[in-house]
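Trainee: Take these sequences, add in the hints, and give me the full structure.
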Amino acid sequence: MNRQPSLRKKQKGDLLVNVALGLIVLIVIAVSGARVLRNLKQEQLANIAVNRIMTVQDAAQRHFMESVLSGSAPDSLNNYPLNINELIADGYIDACSDANEVAGLCLNQTKLPWVTAGNADVVLNLVRFSDPADNYPAFRLSFDISNIQPIRFRNVVRSKLIEIPNYTEAGGVVTITFTRPGTAVTMDSLVSRDGSDPMTADWDYGGFYLDNVRDISFTGLTDRTALTGTVKVGSLVTSGATGTSVTKPTCPTDYQPRIEVAVKGITATGSDLPYNLKAVAAWAVDNGVDWLVRYRATGEDVDGVKTYFDDGAVTYFTWCDFI
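Just so you know, we're using our numbering here: the sequence shown kicks off at 20 and counts up by one.
Among the hints, erroneous ones may be present.
Label pairs and their computed distance ranges (CB to CB) [claimed, not checked]: (1) L126 <-> G191: 41 to 47 angstroms; (2) I342 <-> E105: 47 to 53 angstroms; (3) S264 <-> G225: 44 to 50 angstroms; (4) N185 <-> N138: 29 to 35 angstroms; (5) V308 <-> S89: 35 to 41 angstroms; (6) V69 <-> D153: 49 to 55 angstroms; (7) S236 <-> Y294: 45 to 51 angstroms; (8) V121 <-> M218: 41 to 47 angstroms; (9) L96 <-> T266: 49 to 55 angstroms.
Read the hints as simulated data drawn from the structure, not as lab findings. Predicted model only: the values in this text are computed from it and were never measured. Idealized CB from N, CA, C, for every residue including glycine.
Mentor: Structure below.
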């Protein structure tokens, strides 16, 4: 009995079943792959949205910090920008026109990667306000997610956004509130480098040194610094009864200029005198805007005749002293 045709039919049927199963597996893999790619794309777009929100938030906080450092009061509402356009105009966010964005020349960091029901761009909206909790300025970023399609993509975006502190949502409109940087409160006592803000108290270093300072100048004190010394030492040669002028330093409030002088040499040239010296003196006479430094030496010859000398070398010390 010949069973060959029946066997061939059976093998052909098995082959068709295997092909069908293979096609089904390929279809399942393709569908799963497409779903994975779609989910990955949605995750990436949601991350882009978060990154752009953080970019605007960082720009607004830099606006705040630089305003305070430039002398604005920490509780001034103007430390934050009025709107997104002010951030762009002030250079905190790079400008990107629609034409340049379409041409691939830049990315508009203020746009979110979805559109409205009317196919319009969704742009971050910034509003500044005074936080009633501490009366310091704060700002909000708001935008609409109600038209994100499909709904799964909307939920992916929402799941990323809710990780940002102070997230709220009402009617599909998301609002994220940002307060001033944590260091802003301490800036109430910030002393600007330009000296425009007076200090309200002394600095106490608690026994530590003030290191790595090139020099220190003193307000109201002229022609000397910490490095050159607050006591200025000089010398001069004076002759004649009128003396030689030494300029007074300008001193801060509650201080006055002082001078001390000492004899450095008994003659201007250092030559010997044919006299017995009886007295040598140097002193300063206050002349209002300066001092007149004078010198006097008294000598006696062998006959006891006195002679006075007004030329000599004098060392002087000037400083500011308490009144």
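Trainee: Now look at each hint and say whether the structure bears it out.
Mentor: To see whether the hints hold, each was checked on the structure:
no., hint, verdict
1, L126 <-> G191: 41 to 47 angstroms, "violated (25 angstroms)"
2, I342 <-> E105: 47 to 53 angstroms, "holds (52 angstroms)"
3, S264 <-> G225: 44 to 50 angstroms, "holds (45 angstroms)"
4, N185 <-> N138: 29 to 35 angstroms, "holds (30 angstroms)"
5, V308 <-> S89: 35 to 41 angstroms, "holds (39 angstroms)"
6, V69 <-> D153: 49 to 55 angstroms, "violated (27 angstroms)"
7, S236 <-> Y294: 45 to 51 angstroms, "holds (48 angstroms)"
8, V121 <-> M218: 41 to 47 angstroms, "violated (54 angstroms)"
9, L96 <-> T266: 49 to 55 angstroms, "holds (50 angstroms)"
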